Structure formats: C-alpha cells, structure tokens
Amino acid sequence: MYDDLADFTADIKKCMRCGNCQAVCPVYGVTRAEADVARGKLQLGRALLEGRLEPTPRLSALSQRCLLCLACLDACPSGVATCAGIVALRAAARKGGGLPLARRMLLAGLARKPWLDRGLPVARRAQKAAFHPAGGGYRPRFPLGLDVRRIYPALPARTFLAGIRDLVQPPRADLRVAFFAGCMANYVYPGTGEAVVKLLASRRAGVVLPAAQHCCGYPLLALGDPATARAMAASHVAMFHRLGVDFLVTACGTCGEAWREHYPELLRDDQELYDRSLALATKVRDIASLLAELPAPGAMLPLPWRVTYHQACHLGRGMRVGDIPVDLIKAVPGIDFAPLADPGRCCGGAGSFQLFYSELSRAIAAPKLADIRNTGATVLVTGCGACRNQLEGLLAGEGWPGRVMHTAELLALTTP
Amino acid sequence: MMDRQVLRQLQQAVGKDNVIMDREELVLYSYDATPEMPPACPLAAVLPQSAAQVAAVVNICRVNRLAVFPRGSGTNLSGGTVPLGGGVVLATLRMDRILELDPDNLAATVQPGVIIQRLNDAAAPYGLIYPPDPGTVATATMGGSVAECSGGLRGLKYGVTRDYVTGLEVVLADGSVARFGGKTVKNVTAYDMVRLFTGAEGTLGVITEITVRLVPAPQDRRSMLASFTQLAAAGEAVAAIIRARIIPATMEILDRTTIEAVENYAHAGLPRDAAAVLLVEVDGLTEVVRHDAAVVERILQESGGRLKLAADDRERDALWAARRAALPALARLRPTTVLEDATVPRSRIVEMLAAIQDIAVRHNLLIGTFGHAGDGNLHPTILTDEGDHEEMARVHLAVKEIFATALAMGGTLSGEHGIGLAKRRFLPLELGDAGVAAVRRIKRALDPDNLFNPGKILPEEE
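Residue numbers (my numbering), protein chains in the order written: chain H, 392 to 807; chain R, 5 to 466.
Please keep in mind that the hints were generated in silico from the structure rather than gathered at the bench.
Every clue listed holds true.
Capping the alpha-carbon separation at 25 Å, the derived lysine to any residue pairs in SDA-like fashion look like this:
hint : chain 1 : residue 1 : chain 2 : residue 2
1    : R       : LYS20     : H       : PRO491
2    : H       : LYS404    : R       : ARG328
3    : H       : LYS404    : R       : MET41
4    : H       : LYS404    : R       : ARG398
5    : R       : LYS20     : H       : ALA452
6    : H       : LYS404    : R       : ALA44
7    : R       : LYS20     : H       : GLY420
8    : H       : LYS404    : R       : PRO42
9    : R       : LYS20     : H       : ARG423
10   : R       : LYS20     : H       : THR422
11   : R       : LYS20     : H       : TYR748
12   : H       : LYS674    : H       : LEU664
Keep in mind the model is a prediction, meaning the values are calculated, not measured.
Bound conformation, chain H alone (with noise of 0.2 Å):
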C-alpha cells in the first residue's frame, strides 16, 4: 500500500470529478488552482496510470503541494480516499526526481533518530547565532529560507525523552499506558510530554516510555518515501507490542493516526506484524480521549483565563476527538470559553508545509488568525504540536499577546 499507485485504481475511478471538494480545500482557496485541489491531484493520478503523463519533477512539485488536512476526505460524495490517494500520487510521481534538497534532508534526519538527538543542541547553538530573540522564541535574522517575520520555538537543551526515565510509576498503579512522544513533544515542546507524564501518573496510570522510539514515521509517507516508513512503522510495533500496556497514548493527531491507521496499512504484507499493529491500533488514544476515559483526580486547581480552541485536522477528521478537548477544557474551573468560529479549519502548518511553502501557508492561516483574535481569547489550545508552532509563530509575528499551549499543558495546570 502507498508503494504502488495502482493500488489506488478504483479510488481514482470512483472520483466522479464533481468538484465538491474545491470548497473546503485551504490550498485551492487561496490559488484556485486545479493542480491544488483533491480533483486535481487525483486526476494527475489518473493521467499517470493511464500513460498520459510520465512521472516528472514538476509533477513531483504539484503533487506535494496539499496540506493532507482530511477536509476533501469528508466532502467528497463518492468516498475516495483522497488524502490516501495524494500520498500513493507523491510517492509514484518522486520516481522522476524531483524532490528538493530540503524536503530529502528533512526525511534522512527524522529516519534517523541519533542524527536528532544530537543535532538538537548544534540546531540549538545555530539558532542562537542566526535568529534574534522576539516575541518569546526567535526569529530569523536573514531569511536562510524561512519566513523573517514569524517567530520560530526556542529549542529545548534537551529532548524530552534524555530528561525523564523509562517507565513512571506512580505509588498506586491501576493501569499501564505507552506514551509515544513524538517529534514535537520530544524535540520542541518538552513541556507537553512532561503534562502528559503528569496527568496520566495524577490518574494512577504508570507509563511507560520506551527510550529508542523515534520519529511516527508519518513525515516520510507524507512527503513520499513509504519504504522507509514502513521500515519505522515496523520498528515501533515490535517495541511497543512487547510492553503488555493498557492504552498506547499520543499527543499529536498525526502521530495517533500514524499508529491507528497507517502502520495497519504500510505492514500489511508481514502477517505478525500487521496483527501486532492492529492490535496496538485498538489500544490508541489521543491524550485528551483517555483523560476522558478515566476518573478523575479530585479537585481542579481554577485558571481564571479566556480560553479559545483549534481543532488539528489529524485529530478532528482524523483521529475524531470529536468535542472530548473542549468538553475537558470547559470543565476547567474559572475558564471563561470563546469558541472559535471554525474550529476545524486547516491552520496551514501541516507539518513541513509551512516550511516549504511559507507564503502560501500563511495566506492559508490568515482566516484562521483573524478567527482566534475575534474571539479576544488569551489563551489558545490546540492538541497538536505542529499546529501550535504554526499559530504561536503567526501570532507571535504580529504581536499578538496571548499564549498557545497543548490541551494537556493546560489540563496539567489544574492538576494539584
């Protein structure tokens, strides 16, 4: 699966070519261009298996330019897995080269874990050097590529992972739970594994954290390397199967989607891993769905704030939470919720996106931003860290006051 675009014929059949998915596309609202839309993509797809186009670098460039947010995925009448689709269409058209140095580097780094680890305090030294504190991160002194007026994350000094033990066990432990980091909590937003840690051990879960995980692997699917995921995939499944846990809990929609329904997918030609996978699928939670799972601690501590939330795609349409981290939010003492007016809209992070498409990215935004200062919240909640880079390093840019934390930062802060 994702290897061979053949194996999406029917999905691209199926594609009646309505065009209903031009209406949710963040991409195509801001360009209306075919090429940026599912439609679009999805009958470059159909150009490429019927013969009419060749995989090409330019194909390759089309075909990475979607944001994989999942909205065409729920729009579309005819249910073709479009985002599906998207990725197996990256990974044929890659075949013609292509892809830029940028994008390679970034998918050789996240496939190697000790590159990571010990990149991060050079990446921390360098930033220190090019970029000038503002807004409470930094921002790029020159452009090096990177857009100079958004504020970039201070990096930690160290991972989340180097700075807490393996398992933590708190004195009365009713069940066991995996916590699967991930990219942001572990290398830009420590903060976030630690109120995981926290809120799970405050209702008596012991969690385990195996030290050798890395990267989801999601990254290099998306931008078109399904070996190598796949690889990675497998990797985790054999760590995490071995563990015996009750729940196997994320802090990142794209990280739970990659564990729920990608590993199944990318294993399927390996029996006992894709039961293994399988098996851990049914054990996934995002963080703020199992603290609704469970009882809770006693008492909140008050946080006497206005409060606003953005739904991340891969946690909204892909993992569906659903209103369980704004219900959670809600039930916070002296918090004072102003919704935004769509929750679910695409902030254009996407992960590397904003990166590699900077201008479009925050033209993508822009409605986003708008909607979360017209809720003159002071606070704003995302459960995802990627979303959180995007939103804090937007508003951060344009002086905005406020602060972004993870749903489970703030959740940890009403934790005695």
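Go by the hints and put chain R onto chain H.
What follows is chain R alone, placed relative to chain H:
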C-alpha cells in the same frame, strides 16, 4: 506544443503567473464533472484578471486561429468546458470580486469568478438572497452558472438563473467589450441580449461582469417529509398541492432505488418499503408559512403519505440530510455516475418516473431517480462502470430513450445542465432542423470564426 511567440503574447497579456503551459498542469483543464468525455488537452490555460485582459486573450487567439474555451470551476455536467481539439482554456477564477452590493436597488454586480455561495454570504447581512441554488452552489462560479443558466432546488417558486440576471458585460469575438442591461427591473432596449448570453454556454462570448437581482430572504420556513407506498399517490399529492394554489419553495422526490441507497448509506430513517418520498418546504412570512404548511400537511396525508415534520432547524436538517445524501449514496454504488436532467411538465412527473424505471428494467441497469418534482426536473442517475463497454452501450440506449420519452411528454433534453458536448447530437430531436438552423445562424452571426467554445451545443454539420 504551443507556438512560443503566441505563448509570450499571452504571458504579456495576463502576466506570467496567470498562464499555465506545463503539460502536467494542462491535463487538469481537460475535463469537467461530465463522465465519458474525450480527453482533450488544451495548448494553454490562462487566468485573466480583468475584462481588458480577457479581450487581449480573445484577440491573440483570434489572430492565431486558436479556440477559446471559457471555464469557471469546471463543475458542469454537459462537457461544456472540455477543450475539444486544443486551443486555450480561459478560466475566470481569478476575477473574483464582488463589485457592488446595492440593497436599495435589490441588486449586486459581480465578476464571473465569484462563487455563488459567496454572493449569498455577502447579501445575507442585508436580509437578501440570490435564489438560484444548483447543487454546486458552494463551488460553481457565477460566470459558469450564468453561462449554463443553472437551476436548483427552488425553481418552482423562485425560478432559475435567467430570472435573476439583469445585466452583463461580455467580451465578443472581435475583442470588443459590450454591456447589455443593468440594474433596472424594466429594460426593453433592443433584443434581450442578456437572456441570449445567459445559457449560451460560452459559445457567443466571455462574460466578464454580471448584475443580478436579489430578493428578500424568507422570514420563516417549514419542511415536511412524506413517504408513499404508491408512486402514483406521490404524484397526486404534488398535483393537489398546486391545485390548492400553494407554491412551495421546494418539492423534492426520491424514488425507491434512491431511498434504499440513502438508507444503506446514511440511515436517515426513510421507510424502506416506500415507493417514493416527497420532501416539501414552504417559506415566506410566518403567518403564510403556518397556513401553507397546514394545507400541505393535510394534502400529503389525504394522498396516503406518512408524514414526518420538522419542528425546528435541527429536525429540518435531519429531513434534508436524506435529500442531500441522494447523490452521494447513489454515486457510491458503482464506479461511474451518469447524472441526467430530463425535464417534463410538472403534471407528468410520475409518468416520467415510471417510464425511467421501465427503461432501467428493460436495459438491465441500475437507475436511481431523484429530483425537483415541483418543476418537473428529474435526475435519473445511472450507476455504471465506464470500463464495461457492453454495459455502457446499454447506458447510451437508455439515455436516448429517456430523452425521447421526456420530449414525447412535452419536456426538454435538459432542464438545467445544458447541452454542451454530451447532448449536442440530440439537439435536432427537440428543435427540429429549422430550430437547429436558427441557433446555428445566431452562432455564426456573433462568432463568425467559431472562436468560442467550438463543438458545443450544435451538432457537427454533415
């Protein structure tokens, strides 16, 4: 490949970023929402930003003998934007400004690339609506919808696109820019050129500005759903409602095949033993709505319908969910969906439905029919597989019979999708030789070089 010099001229005319010339992207301007169209790749696609740029493109194309294929969002169902034989696709998507909202004159002026829903969103704060609401209201452009004269669910009470277009700016084949009509309700100056270009499917010129009439938003509305065990009873209910001189905003019908598909897909709570479901909505002043709803409810019940009412907006949405699910539910049954729009006088709607069911049985095809019972516009939806040539041959026979049946009942080939490429060979069936010749003379008079959207509407000459 396109001549380099011509390409450079196009780039100069509209700007480099607004000319598409890579083969990889041009493939994406070869289709619309119509199944079974020939693959036809344009030589270039341009996205002009003003009428002057459109005129410049038209001039370049005329001089270089390149056809111009006007295009909006490419959501039409008649092959209307397929660039037959190459040429230049001219997409108006980047002319997307609402130029004026004039509540005092109940009018709005927009560029052709504005999405229909956006106009409605802009009119809403003034308590106004733009009533034409094709299924593509959230995606189709105003330009495309005027060129196709699209209809929608509210045709019975509110009419169709042509009933709202009062003024147009059009780039003609000689590159000149003409304006017809305006904001006034009354205008009898010369021929009704506005209506000529409305529904001309881009064969006579390129629409670059549109002035439309807006109407007050209805104060209130009420929806009712009735299921019938006999198709004839549903037809009787429709007739009785009109006989009672009630004009509902919508009166939608779903046939047995559609009901089953909707239930399997959306579990909307429709009775599976029903032969037909009617969904009726009345709107207007609250007092009127109350009165009309009571009459409609009584008639539906007296005709043998089992009623389901909507007390509030939530319940209304639930009723409408069944209707909205009709096309998605059907489309998922088979790989290819052929969506027709045969239309008959309202009084013969049940006869037509029965005839379509008979055609489905005779050709061993799966056809679900839903549509606008209030205005006689049905959507026989043939679920098939483009790859199965034997079955497609039967589909073509069935389509031909559906058209012949509709015409025999005093109906038309197309209620709202247009003729385009898909139905041009049937044109003589409805217009006769004299009618086709008259259409051809109009085309030749306004577009002597056959520059605009060649191969559409008119059948090829022998």
